[in-house]
Amino acid sequence: MFGLTIEQLAFIFRGAGWTIVLSLLGFVGGTLLGLPVALARASHNRGLNWLSGAFVQLIQGIPLPVIMFVVYFGISIGGYDVPALVAAGIAMTLYSSAYLGEIWRGCIQAVPKTQWEAGECLALTNTQRFVYVILPQALRIAVPPTVGFLVQIVKNTSYAVVIGFFDLTYSAKVINNSTFMPFTVFTIAALIYFAICFPMSALARRFERRLTRS
Amino acid sequence: MNATSKINTTTASAIEASSMTNATPLVRFEGVRKSFGELEVLKGIDLEVKTGEVVALIGRSGSGKSTALRCVNGLERINAGKLTVCGRDLHNGNVDLRELRQDVGIVFQSYNLFPHLTVEQNVTLAPRKVHKIGAAEARTLAGEVLAQVGLSDKAQNYPEQLSGGQQQRVAIARSLAMRPKLILFDEVTSALDPELTGEVLRVIEKLASEGMTMMLVTHEMAFARSVADQVVFMHHGKIWETGTGDMLANPQTPELRQFVGNGL
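Chain order of the listed sequences is A and B.
With positions in the first sequence counted from 1, the corresponding number in my numbering is that position plus 172.
With positions in the second sequence counted from 1, the corresponding number in my numbering is that position plus 840.
Keep in mind that the hints were calculated from the coordinates and are not lab data.
Check each hint, because a few of them may be wrong.
Listed next, the in silico BS3-like pairs over lysine-lysine satisfying Cα-Cα at most 30 Å (straight line) [what the hints assert, rightly or not]: (1) B:K972 / B:K883; (2) B:K969 / A:K345; (3) B:K1078 / B:K890; (4) A:K327 / A:K345; (5) B:K890 / A:K345; (6) B:K922 / B:K883; (7) B:K1078 / B:K1021; (8) B:K1021 / B:K969; (9) B:K969 / A:K285; (10) B:K1046 / B:K1021; (11) B:K972 / B:K1078; (12) B:K883 / B:K1046; (13) A:K285 / B:K922; (14) B:K883 / B:K969; (15) B:K969 / B:K1078; (16) A:K285 / B:K972; (17) B:K883 / A:K285; (18) B:K972 / B:K1046.
In silico negatives: residues of chain B with every beta carbon more than 10 Å from chain A [stated by the list, open to error]: (19) R900; (20) R917; (21) A966; (22) E984.
Remember, predicted model here, so these are calculated numbers, not experimental data.
The beta carbon of each residue, even a glycine, is placed where N, CA and C say it ideally should be.
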């Protein structure tokens, strides 16, 4: 098919599988770390605010492949030999938590001040107010930019190739090296990336419509 | 039939409450001062609100009336003087604002309903979370307070499906659901069309007749005159003139005369 054998195509798809795995790792890790980052960024505690701000600035000021290198070689200096998946997962977690944290901070702060005040005036505790009044509204605002960023995560996992992680980009490169059909091979890779990303943004749009309707 | 008995029980409990606390006023301002940075907004306010009383604060924009109101439930902190609300000294840093706000409700100009919750959920959120009442009790409570504002049929609607006047009535019901001793109204009809203003004012009027203690900042002079036991005219951060509703027909100061004149 397209001048490639079934085995070669299967090899590329195996890479695509690992792209999805790394994307999920990046998203789950990014969410777990990004939530506290967002809360710290939106909080009025100066120390937390500064610390989280510094983290975001630091990560956003470093190209993702360099983060990959630093994490990968940093861990091996510590005397640990970790698989590329772990290093890439950590790097993607750091990377996406900085961006998701900043996106969600914006969503939290986009909920009108009057809503905080209304919750306060009903004698809700700070936590109750956040959980029952602010968070549901912030969540609604957060869906489109979050899924938009998910697409970024999927595409940016391709940088993991720099530390030798076997993903879609890596597998395509390997097949190209043996077939010398770069256009065909990378077009197939491109189509697979698109096939992963497009349904996500379509789903996001539907999700958004459902939220605004209710 | 049902509605009448409901009003009667509410009145009864209001009378009972008033006989209990008749001696001390519910709210007492004594030389209260409040500044925002360099700007002094309240320049020594003295005012008392007794249980069951309706007090209307009137005056130009920037006269300090909204600030005075917001001090009562601790949304603004006073800088000097003494402010006692429901037996709590608000100048004291130790006052528990959450406890205070269970006694003092507030209704805002822009309703500030929670857009992601139904009318019933809006009304019962605080009673469920703060007073820890159960789901069945919450439903009964919602039915009661929504009936009080004439919106029993809207319990399952979302705020955006209601008119401005209906949303404001839900906001009043939300306040009532906490069974407050005092409700503050901060220009609650200012965002409404004239035709929707009436339905909100009628609800407030009904609460007044049921004995609810209320402080309201308002631009509705005719309403202030007919409903308020005490009308307070504020000017440049001070109480300029105070009296019953009839004061508006017979202003003593040139400032109030001019203000009322402009209003007509």
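### Task
Please name the hints from earlier in the document that this structure breaks, with their numbers sorted from lowest to highest.
1, 2, 5, 11, 12, 14, 15 and 21
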